[in-house]
Amino acid sequence: MRIVAENLSFTYNKKSKFKVDALAGVTLTIEEDSFFGIIGHTGSGKSTFIQHLNGLIPVEKGSLTVGDINLADKSKIVKKRYKELRSKVGMVFQYPEYQLFAETVYEDVAFGFRNFFPDASKEEEKKAVFQTLALMGLGAEYINQSPLDLSGGQKRRVAIAGVLVTKPEILVLDEPVAGLDPVGKNELMKTLRVLLDNGVVKTVIVVSHDMDEVCENCDSVAVFSEGRVVLSGSPKEVFKNSKEMSELRLGVPVTGYLKDELSKMGVEIDVDFTRDDFVEKVVEYYKNIK
Amino acid sequence: MQAIEFKNVSFSYGDGDSRKEVLKDFSLTIKKGSFVALLGRNGSGKSTCAKLINGLLIPTSGTVTVFGMDTKDKSNLFEIRKRAGMVFQNPDNQQIASIVEDDVAFGPENIGVPRKEIKERIDYALSVTGTEEFRHSEVARLSGGQKQRVAIAGAIALLPEILILDESTSMLDPKGRKEVMEVVRTLNREKGMTVIDITHYMDEAVEADEICIMDNGVITAQGTPNQVFAQKELIAKCGLELPVSAKIAEKLKSAGLPLPEGILTKEALSDKLCELLRKI
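Respectively, the protein sequence lines represent chains A and B. Going by the working numbering, the first residue of the first sequence is number 1, and it counts up by one from there. Going by the working numbering, the first residue of the second sequence is number 1, and it counts up by one from there.
If you are wondering where the hints come from, they were derived from the structure by calculation, not from laboratory data. Note that the coordinates shown come from a computational prediction; the quantities given were computed from them, not determined experimentally. All clues stand as given, with none of them false.
Pairwise CB distance ranges, derived in the manner of DEER restraints:
id	chain 1	residue 1	chain 2	residue 2	range
1	B	Glu21	A	Lys290	54 to 62 Å
2	B	Glu21	A	Asp277	40 to 48 Å
3	A	Asp272	B	Thr224	29 to 37 Å
4	B	Gly16	A	Pro118	35 to 43 Å
Okay, derived cross-link-like pairs now, EDC-like style, lysine to aspartate or glutamate, Cα gap no bigger than 20 Å in a straight line:
id	chain 1	residue 1	chain 2	residue 2
5	A	Lys281	B	Asp271
6	B	Lys247	B	Glu261
7	B	Lys247	A	Glu213
8	A	Lys185	B	Asp215
9	A	Lys167	A	Glu31
10	A	Lys243	B	Glu267
11	A	Lys281	A	Glu268
12	B	Lys247	A	Asp272
13	A	Lys17	B	Glu133
14	B	Lys72	B	Glu21
15	A	Lys290	B	Asp271
16	B	Lys175	A	Asp260
Rough simulated footprint, nothing fancy, chain B against chain A, three-plus residues with beta-carbon under 8 Å:
id	stretch
17	183-194
18	249-258
We put the CB at the ideal spot given by N, CA and C, even for glycine.
Pulled out of the complex, with its shape left as it was, chain B reads as follows (with noise of 0.2 Å):
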């Protein structure tokens, strides 16, 4: 069964004459265990996509399945909420409690987590987040890093099967986010956790096993970081670039280095300018 499926989704916000069409026809399938980085720029869609995956917005046609349960079907949607979970861009839209270690509780004592599995479930989220030090502070006094910290502990906590994070590290330092990054990523290989990254780090994309573009309400690429970013027209217009290194490499080529294509990562691109130019 597949983790997700959209289809034929259209969606719009308002009516009459301020209504906005923001999903046009939009259709994607999203595998049960796959990584998938979702990028397009402010106002293509991403958002709605995400909201309309745990059903925080219902279609306005077509069809929106989470493991196989319609999003429509209201009494579908405890279930889909407590197998996908969310983590928003501003960490303040979804804290509750004041002290850190009740707010990770919240989610686990909602859906009737027993309570010393709900004890379990905080050490750990907090554990793999960097959290531990901050389980006693007051939610409102950490900076807004820490405090995305602490959504992503929220999240985790809940187990979930899928883990839809919308710009969630954008308030991270370069530690902090990679950190993050890689507790979602073993998350997903060890538990088979689906992950659906909607960022704007196009480094971060890099990483998933799979790139989405979206621009305009619709799907303009999707295929592996490396088949996305090889189109590199249709990447700038979209309102995206390529990753830092790629850029790179793509100034050394136009000067003249025999670089060759498909230089996405530092790592990469340092290993063929090290082979150039020591080789000489």
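The shape of chain A in the complex, shown without the other chains (with noise of 0.2 Å):
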């Protein structure tokens, strides 16, 4: 499923004196089978843009399509079909730990599950369990372990899980790995990955503050400022305007600082800015001036 946004516009508390506009003509398109990230300052409308995607804000003004779904479309079969969208994308939050609930993590999982198939047996529901948890890495052993006593990290893969076994298409994660140690980060990341190349799941939009994780894990990048859309792209393609990325309160990954600094000394590599990229290239240009 395709996600095209065209002049997405949303305020908050529009009659009030708390006004505020979160996005002001968001146009963007995300393919289908990419890794991708959004990423922009504190404020810069990433969670609000995200929370349309699967109707959780209405469009307010300008257009949006999730696959064949127009959602800024208000008739009633449109209305009727929001089901369908929230099976088709889903959605995890900022610390969705925090949402765990049930007295074991079998439950926790389920809960989801149910809610999307009631009409599926006991033995599909737990097949369906046992499965996603065993797509986010947690063995047997967990099932019956309340959710509150797993590590931070643990935790959050439970999270996820409850979500993952809903079966979207797209999987949107609004900074997931916010709080996990670096391991831990590493890890789900990796997950993520294998979840898009296993075609578990369609699409993953990671929403972000790390450049360096962006630049190692996404396919393509938007990048949001003042609830506009201001440069998209490869990684390469965007951290490349290392100039722009700073005035935008992001700056580039320690690559694409590296890359700027040997080009001041009249030193040019060509690189995409992962570090397997850049130590190949830095070691070339060794190799060949030596």
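Please assemble the complex out of the two chains, which come individually in their own frames, going by the hints.
Now the structure itself:
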């Protein structure tokens, strides 16, 4: 399912003095089969945008289509398709582990499944829960544990499993690695990549503040500022604009900083800003001049 | 006098079968005016440490003292909390008022700061955290990162002698994180505020005077950033990693580039790389 937004705008508290223009004309296409990064300064509209994707925030102005569902269309026919939309677009909020509520990991994950597949048998439910937890790297030993007894990284995996079990095509995650330790961060990003590569989901959309992480993991990036998309493309296309990225309060990955500093010394290397590519190109340069 | 002293502290959550020992005979001294980064994987006991400092938790055994005051003695708690401010990981856990300036004023009002001074403190706290423009906004309508800045402003308005940041910059954009850390650094240098920064950002930890690594309820390494990050195996064993620049430097070294040990920052790596690639 492709996501196409055109001139999407949204204002919070429209008629009060607390009015905030959160989106001011977002135009953006997110293709299927991509690991898509959404970055931007705090308050740039990232979270407001993604909440539009499964209809949590109704389209106020502009257009937005998710697959063949036109969310700007307020007719009853479209309203009836919201449940379908929510089954296709899985949403993982900031600190999703705060939403864990059941007594066991199994019950917590099964909750979402029962909501979306009310006619499924116990057997099907069990299979779906076990499979999903396994996809998130959690073995059968966790099934009967209380989610509250797990570590931060494990809790978050359970929370994501609770969304994934509803079999969404698009998985949207708002700052999925905030608060996780470095190993937990890397593992979770890797898991998301595996979900995409194995076709478990067709699109992964992550909101992030970490340029290095975005650069290492995402295929495409959109940069939000003041409620608009100001830059978009591959990480290479986006991060080459180091001056703009700095003005947008984001900066570039460490590799981008190094490329710029080397360039000032007349050392030009063409990199895609991933660490491996940077190391390869620098080593190549070194060998050539030696 | 030391700012904070943990002496043989043990702490467990729950009891009976569900008892979980988080800190085990844990000792740590934090000097007044120092800037300490506390690192460790999720579940290693860092946040428990933070809560023991201002008496939100009381040790199962051993003692925690703040400026010589034992946290076990309830009559000390008001004074301890006045002097040791804390910013939690999720700002939603500590915001009380509906409007930003009221929220920032809550702390100073509670400790009985005169009205005129409260206003000055709010102005100061909002200005250094870059939240002036939200002064009259509703807290609930701010973004995650904006709320986090307001939470930090609320702690700064208390002018604490000790500031404990528990993953308090996790939702900020890179520049925002840098700005907040600069403010904290300035308060540390100019006012002698003791800072304990619990973080998962290794690049942030590099800026501290001292790093403590916790794993499984004990301290596994302590020293300057250079001393600690030189212990590569231990870092990996504790579920951590090197700062990004150090990781790149390691990769370059193993690919045959003659780079020195101890590169932790992007500035240091850039200097060395420019030197190396230019001179030939």
